[in-house]
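*Asks:* Quick note, the sequences are listed as chains A and B, same order. Positions 339 to 472 (my numbering) are the ones given, in order, by the first sequence. Positions 994 to 1548 (my numbering) are the ones given, in order, by the second sequence.
Hints in this document: simulated from the structure, not taken from any laboratory. Any given hint could be a false lead.
Unchecked claim - Beta-carbon label-pair distances, calculated as ranges: (1) B:P1030 to A:K436: 38 to 44 Å; (2) A:K436 to B:S1016: 41 to 47 Å; (3) A:M408 to B:Y1395: 42 to 48 Å; (4) A:D416 to B:R1373: 42 to 48 Å.
These numbers come from a predicted model, not from an experiment. Using N, Cα and C, we set each Cβ at its ideal position, and we do this for glycine too.
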Amino acid sequence: MGDKAIRVLLAKVGLDGHDRGIKTVVRYLKDAGMEVIFTGLRATPERVVDAACAEHVDVVGLSFLAGDHMVLAPRVIDGLKKRRADGVMVLMGGVILKRDVAALEQMGVKRVFPPGTPPANIVEFIKRNVTQPQ
Amino acid sequence: MSELESDYKRWQDTTLKRTIERSPERRADFATESGIPVKALYTPLDVAGSDYRNDLGFPGEFPYTRGVYPSMYRGQLWTMRQYAGFGSAEETNQRFRYLLEQGSTGLSIAFDLPTQLGLDSDDPRAEGAVGRVGVAVDSLADMETIFEGIPLDRVSTSMTINATAPILLAMYIAVGERQGVAQQQLTGTTQNDILKEFIARGTYIFPPEPSLRLGLDIVEYCLREVPRWNTMNIAGYHIREAGADAVQELAFTLADAIAYIEQARARGLAVDDFAPRLSYSLGCFRDLFEEVAKFRAARRLFARIMKDRFGAKDPRSCLLRTFSGSCGSTLVSQQPLNNVVRITMHALMGALGGHQAIHTACWDEGYAIPSEEAATLALRTQQILAYESGVANTIDPLAGSYYVEYLTNEIETRAAAYLEKIDAMGGMLRAIESGYIDREIRESSIRYQRAIDSGETVIVGLNRYQAPASDDEQLELFQSDPAVEPRQKERVGALRARRDPGEVVAGLAALDAAIEGKLNLMPAVIRAVKAYATVGEISQVMRRHWGEYRAPVEL
């Protein structure tokens, strides 16, 4: 791993306004020395893909609490693939049933963090799994 | 030094000290969830500054600490109000009829996010969200279906709707009219609290100023035309859920209320005309005594503000009528049946806190829209509490507890200090715009998370007494029906083909003119909904004037 800080884009995609969880993750990642960009509410999948490419992030983290993840997350993943940015690690968190998790992982989501996940575990997971070019 | 004081010191320095030296207390510091230090024991010394007649008084009398009504639950139990509404209008109608048959005494509608955000079901931005967290309402036709066979003069309906509240209220009025129920007879509540959307819940459309105008249009219109309607439910619940502690929840709720009242007065409305129709909701979190003290402090502080700051003369203006909600964020997905116990505690806090209506969460709502069994259990929890526990037999039963009275005073003092600070910033709108409120809430939320991380705050099943990972697939969970979204898109398409286009155009043009002319928008919105203009179309007229608000992202 290089000395360069890990770059993370965190996004609320869709209409849901519950951002307590993702804002908590923002804080923990920043405290761990990562560079974090947060989209704010109601980002579209297209905007997330654009931002991820423009900002050369290592990780995209998506938060869903309104049940629309099976519609919107695939659009982010496909968008990244189309832009040949499939090296970007996609993480998800929020209210996501187990039966959806397998399908999401199949699509290329690296890990889905359920409610109650200690934020420190997310920090650790990113540190362990992001490999940056020197 | 009084005899009691010296007795207390003696006890502390001898009896208690000897025991602690032998076996230390479980932790170095005890505190409420809002960080108010908690001592081993409270005595009359801790409430020595209180004056019973001034600070507590009698139920139904200023300052209402003991309750807003003279006989409280001895006269009438609290309203058991359960939140429902999902998928289609037909399903919501069925759930409402079921809840009414089961003895529920008030309806509460949850709308899906597109309805809350002024988007029709066939809008591309609505994709994936139609009928998901509540019922999809595109036009009056959907509202007619929701209330099919439910006479509006027999129920009171609470609508969790904010940015598009004028549109949904207009539809409710139109449904009543079609049933032969005059708007003067309608009872219910529109949440219509847009400020907390900017600070906590995120479902705003327009910038703060025009958003406030819409909210106040409801207040003003109902004052004349729908006199029994509760025009705003000013919500602390969501502020708490966003991470605020109990003191902040109370302070920011009252700061929102002050902002609305000032706006209404700026329109020339008299405080005693509109204030009696404002209601409030507060959350039930985890700390039983702190929550009950918060509710008591809330009534007293509010009454004092209404009297001293706004010069209210009508006693009804000073009544903090409240709806208490179980905080979903206290529920835990791990070992989810434990949530039944947490929810029972929430209901107990609500009853001991003297609320007019109580909502109990469903134990499975962390996963999905609650199942019918879970919704029934949530209602039964309240019924058991009301009829079996004796909690409703006397008024404000925790009064006189040295601890509860001390906490009540402490919370009032701390919340009042916040209000002074917000006043000094130029009021709540400025405090929100400057990011102050957001920062305060975020710091509390992070503090809470760190306390969970360290184990200082225990959550059973989450950071202590964990069980092997539970398999939520084995639970019977309600799944939202994937067919709802295409069906609803079809419906709104068919409606557009069926309605009289001339009426729609005329209705929307009248609304446009009313916005331009700075008129109260309710009459024009009612006209537009009766022409079956959609939520999206009506909102679009407003968007053209005001634009959409994008909150600054500041972290």
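*Asks:* Does each hint fit the structure? Answer for all of them.
*Replies:* So, going through the hints one by one against the coordinates:
| no. | hint | result |
| --- | --- | --- |
| 1 | B:P1030 to A:K436: 38 to 44 Å | holds, 42 Å |
| 2 | A:K436 to B:S1016: 41 to 47 Å | holds, 44 Å |
| 3 | A:M408 to B:Y1395: 42 to 48 Å | violated, 54 Å |
| 4 | A:D416 to B:R1373: 42 to 48 Å | holds, 46 Å |
The structure fails hint 3 only (numbered hints given earlier).
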